[in-house]
Amino acid sequence: RVIGNKRIQEILDQRASSLKKVEILSCIISHGGMELETNDFSGGSTVTRAGLKHACVANGVKIPKRITKKTLLISLLNYVDRPYIKGDLQKKGSTVERVALLRVYRGLLNKN
Numbered sequence: 001r002v003i004g005n006k007r008i009q010e011i012l013d014q015r016a017s018s019l020k021k022v023e024i025l026s027c028i029i030s031h032g033g034m035e036l037e038t039n040d041f042s043g044g045s046t047v048t049r050a051g052l053k054h055a056c057v058a059n060g061v062k063i064p065k066r067i068t069k070k071t072l073l074i075s076l077l078n079y080v081d082r083p084y085i086k087g088d089l090q091k092k093g094s095t096v097e098r099v100a101l102l103r104v105y106r107g108l109l110n111k112n
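First residue of the sequence shown: 1, per our numbering; consecutive thereafter.
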């Protein structure tokens, strides 16, 4: 926010392919004025359900009644007017894909 959303968008576009999921999640949470916590991710850059919930809370996104990674991700995507796309969440281990997190973050930048 300090350097402006347009400049952040430019930097994101240039470096998106090198960002890890936990780094993108950190940007999403930071955008809402909070900081990443250790239970927001596990082993490497795996985003946890707690991390997605934290992202919702940080950005004022309504928490769904049934709290799963999928429902939280859908809430975040809906908040920024982006679609949930089949494959955004891998069935094996409920792994959130980078591209879904990038769509959320880009949507947040465009929302302001």
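Since the hints were derived computationally from the structure, they do not count as laboratory data. Model, not experiment: these values are computed from the prediction. Do not take every clue at face value.
[What the hints assert, rightly or not] Each computed EDC-like pair below joins lysine to aspartate or glutamate, with the alpha-carbon atoms no more than 20 angstroms apart: (1) Lys53 with Glu35; (2) Lys65 with Glu35; (3) Lys21 with Glu37; (4) Lys111 with Glu37; (5) Lys20 with Glu37; (6) Lys69 with Glu37; (7) Lys70 with Asp81; (8) Lys65 with Glu23; (9) Lys86 with Glu97; (10) Lys91 with Asp81; (11) Lys53 with Glu37; (12) Lys69 with Glu10; (13) Lys53 with Glu10.
Hints versus structure:
Straight-line distance between C-alpha atoms of Lys53 and Glu35 comes to about 13 angstroms, which keeps the hinted pair within the 20 angstroms bound. Note on Lys65 and Glu35: the hinted pairing is violated, with a Cα-Cα distance of about 24 angstroms set against a maximum of 20 angstroms. Of the supplied pair hints, the one linking Lys21 and Glu37 holds, its CA atoms being roughly 14 angstroms apart against a limit of 20 angstroms. A distance of roughly 24 angstroms separates the Cα atoms of Lys111 and Glu37; the hinted pair therefore is violated under the 20 angstroms criterion.
Distance check on the hinted pair: Lys20 and Glu37 sit about 16 angstroms apart at the alpha-carbon level, within 20 angstroms; holds. Between Lys69 and Glu37 the alpha-carbon distance is near 17 angstroms, which keeps this suggested pair within the 20 angstroms criterion. Our distance criterion of 20 angstroms between C-alpha atoms is met by Lys70 and Asp81, whose separation comes to about 16 angstroms. Taking the CA atoms of Lys65 and Glu23, the gap is near 27 angstroms; set against the 20 angstroms cutoff, the hint is violated.
Restraint check for Lys86 and Glu97: the C-alpha separation of about 11 angstroms stays at or below 20 angstroms, so the hint holds. Our distance criterion of 20 angstroms between C-alpha atoms is broken by Lys91 and Asp81, whose separation comes to about 24 angstroms. Straight-line distance between C-alpha atoms of Lys53 and Glu37 comes to about 12 angstroms, which keeps the hinted pair within the 20 angstroms bound. The straight-line distance between the Cα atoms of Lys69 and Glu10 is roughly 29 angstroms, outside the 20 angstroms bound, and the hint therefore fails.
For the hint linking Lys53 to Glu10, the alpha-carbon distance of about 27 angstroms lies beyond 20 angstroms, and the restraint is violated.
Hints 2, 4, 8, 10, 12 and 13 from the list above are not met by this structure, while the remaining hints are.
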